[in-house]
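J.: Guided by the hints, dock chain B onto chain A, whose structure is given.
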Amino acid sequence: MDTTQLLKGVLDLAVLAVLDEEDGYGYDVVRRLRAAGLDDVADASVYGTLRRLFAAGHLTSYVVPSVAGPHRKYYGLNASGRAELEGSAKTWAGFADTMAALLAARKEVAA
Amino acid sequence: MTAAQQAEPDVEVRAYARQVRAALADVSAAQLAELLDDLEEHLVEVAAEGGEPLTVRLGPPAEYAAELRRAAGLAEPAVPVDRPLPGWRAEFGAGVDRLQASPAYGAVRDFLPELRPAWWVLRAWAALVAADALLAGSDSFPVPTFGVGPVIGLVLTAAAVTWSVRRGLRVRRDPGLAHRRLAVAANGALALLALVAVFGAGGSPEPAMAWNTGVPSSPDLAHEDGTPITNIHPYSSTGEPLEGVLLYDQDGRPIDNLAPYTADGGEVRRLDVDPPAPANAFPQQQRVLTWDESGREVWIEPDTAPDPEPQSEPAPSAVPGEPVPPADVLPAPPVEPVP
Numbered sequence: 001m002d003t004t005q006l007l008k009g010v011l012d013l014a015v016l017a018v019l020d021e022e023d024g025y026g027y028d029v030v031r032r033l034r035a036a037g038l039d040d041v042a043d044a045s046v047y048g049t050l051r052r053l054f055a056a057g058h059l060t061s062y063v064v065p066s067v068a069g070p071h072r073k074y075y076g077l078n079a080s081g082r083a084e085l086e087g088s089a090k091t092w093a094g095f096a097d098t099m100a101a102l103l104a105a106r107k108e109v110a111a
Numbered sequence: 001m002t003a004a005q006q007a008e009p010d011v012e013v014r015a016y017a018r019q020v021r022a023a024l025a026d027v028s029a030a031q032l033a034e035l036l037d038d039l040e041e042h043l044v045e046v047a048a049e050g051g052e053p054l055t056v057r058l059g060p061p062a063e064y065a066a067e068l069r070r071a072a073g074l075a076e077p078a079v080p081v082d083r084p085l086p087g088w089r090a091e092f093g094a095g096v097d098r099l100q101a102s103p104a105y106g107a108v109r110d111f112l113p114e115l116r117p118a119w120w121v122l123r124a125w126a127a128l129v130a131a132d133a134l135l136a137g138s139d140s141f142p143v144p145t146f147g148v149g150p151v152i153g154l155v156l157t158a159a160a161v162t163w164s165v166r167r168g169l170r171v172r173r174d175p176g177l178a179h180r181r182l183a184v185a186a187n188g189a190l191a192l193l194a195l196v197a198v199f200g201a202g203g204s205p206e207p208a209m210a211w212n213t214g215v216p217s218s219p220d221l222a223h224e225d226g227t228p229i230t231n232i233h234p235y236s237s238t239g240e241p242l243e244g245v246l247l248y249d250q251d252g253r254p255i256d257n258l259a260p261y262t263a264d265g266g267e268v269r270r271l272d273v274d275p276p277a278p279a280n281a282f283p284q285q286q287r288v289l290t291w292d293e294s295g296r297e298v299w300i301e302p303d304t305a306p307d308p309e310p311q312s313e314p315a316p317s318a319v320p321g322e323p324v325p326p327a328d329v330l331p332a333p334p335v336e337p338v339p
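Protein chains in written order, with UniProt numbering: chain A, 1 to 111; chain B, 1 to 339.
Calculated from the structure, these hints are not laboratory results. Virtual Cβ for every residue (Gly too), placed ideally from N, Cα, C. There could be a bad hint or two in this list.
Stated by the list, open to error - Chain A stretches covered by chain B per the calculated footprint, using a threshold of three residues with CB under 8 angstroms from any CB of chain B: (1) 21-31; (2) 37-49; (3) 71-79.
Stated by the list, open to error - Partner residues aside, some chain B positions facing chain A, computed with beta carbon under 10 angstroms: (4) L36; (5) V56; (6) R57; (7) L68; (8) R69; (9) P77; (10) Y235.
As the list claims (entries may be wrong) - The following residues of chain B were derived to be distant from chain A, with all beta-carbon distances above 10 angstroms: (11) L58; (12) A159; (13) S237; (14) P241.
Just chain A, with the same shape it has in the complex (with noise of 0.2 angstroms):
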């Protein structure tokens, strides 16, 4: 199955969970959900996830100067961004519920 068919529907999920933790940059973010195992994560999908968010009113954000590389711009999340989080985070582990449900039925069902 074609995960970045998923993907699509979770990312601003994966994308609050990760800023949840802590503030990061968008390459930062794209790393790190890789690292939790989103492997197919793409970098253009992340940067527009962030964008959107931040145009919801989701997440802050503020620039951090950097001497050695580029200037980078860091996203948090508000207290917006947190009661969206909880909400989908609740969405999700209902939806995830029911097709492991769903699954495991099937799976009686084929024993």
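T.: Relative to chain A, chain B alone:
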């Protein structure tokens, strides 16, 4: 890391970023600024990890842009965006990136849209000239005639210019209207045709350059070696110098295009005579500007009372532009036709 290795990712990053921007050309400036705020930083960081080129690591720039657009929840492009070609276009892009770094480029780029109306006019005219040259085989350069006449040409030109400008204005008001790819192709083809028409006309022999306005543009008379002919002295077959001979060409047009300067650069001025003679009456009474030993200007005046005898004197040998035939030739003037 050498300087060359450091410079390479920089050019690669800028080329990639430029193509991403190009693919998002329809996004409003404010949204674009927000969307691509740290695009370069991201690309620099990815490139710094080394390994494969950005186009492999991140996919083609157009796909990156499309993914960014989708994830950011922006509208899909109204016009399908051109897929960039990796090979020559990437190299070309690198050159463009270096060019874009110059401040002059910004000034020119901001000014170019102002020239669009001029282009609308030019493309209409160029299309007609090209069509005229290709279809009618006509070589009437500034005003296409289609082998019929300049009036038809002017009417057609006016109609084409009107249509072209109106079309340009409509597209400017509503860019979604234009099939951009088609428009670019059509404009390119027109520019090419205009070049062919202009240079084709310029490269063809003299008559093609003559403007079809009735004004003769033939060059000044000169010998084959380039020596200017500033006057003509007709003689009869018996060696008699002739006066007031009127010369015409094969079409009955007066021959009056004497060279206005001698081979030394001295100015030749035709003098008024009494009674007034036509411009093609020869020999002409002339004053010739020349210079003496100390470099002062000297006007050589003709003999006020033209007399065949003094003219036969070879005397003023220092007078350029007054090619008096040598004395020994005079009894037997050139009877063979001059080529």
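J.: Next step is simple, just say for each hint if it's right about the structure.
T.: Structure-based check of all given hints:
1. Evaluation of the coverage hint for the segment 21-31 of chain A: fulfilled, as 3 residues show C-beta separations to chain B shorter than 8 angstroms, against a requirement of three.
2. For the segment 37-49 of chain A, the stated coverage by chain B is satisfied: 8 residues place a CB nearer than 8 angstroms to a CB of that chain, which reaches the threshold of 3.
3. Note: the segment 71-79 of chain A has 3 residues with beta-carbon separation from chain B under 8 angstroms; the three-residue rule is met and the coverage holds.
4. Annotation: interface hint on B/L36 holds; nearest CB of chain A at approximately 9 angstroms, less than 10 angstroms.
5. Violation of the interface hint for B/V56 is found here, the shortest Cβ-Cβ separation to chain A being roughly 13 angstroms, above the 10 angstroms cut-off.
6. Nearest Cβ of chain A to the Cβ of B/R57: about 8 angstroms, under the 10 angstroms cut. The hint holds.
7. Residue-level restraint check for B/L68 holds (minimum Cβ-Cβ distance to chain A is 4 angstroms; threshold 10 angstroms).
8. The restraint placing B/R69 at the interface with chain A holds, with a minimum CB-CB distance near 7 angstroms, inside the 10 angstroms limit.
9. Using the Cβ-Cβ criterion of 10 angstroms, the hint placing B/P77 at the interface with chain A is not satisfied: the shortest such distance is roughly 15 angstroms.
10. Interface hint status for B/Y235: violated, as the beta-carbon distance to the closest one in chain A is roughly 90 angstroms, over 10 angstroms.
11. For B/L58, the condition that its CB be more than 10 angstroms from all CB atoms of chain A is violated, with the nearest at approximately 6 angstroms.
12. For B/A159, the condition that its CB be more than 10 angstroms from all CB atoms of chain A holds, with the nearest at approximately 48 angstroms.
13. No Cβ of chain A comes within 10 angstroms of the Cβ of B/S237; the nearest lies about 95 angstroms off, and the non-interface call holds.
14. The beta carbon of B/P241 is kept farther than 10 angstroms from every beta carbon of chain A, the shortest such distance being approximately 91 angstroms.
Of the numbered hints listed earlier, those contradicted by the structure are 5, 9, 10 and 11.
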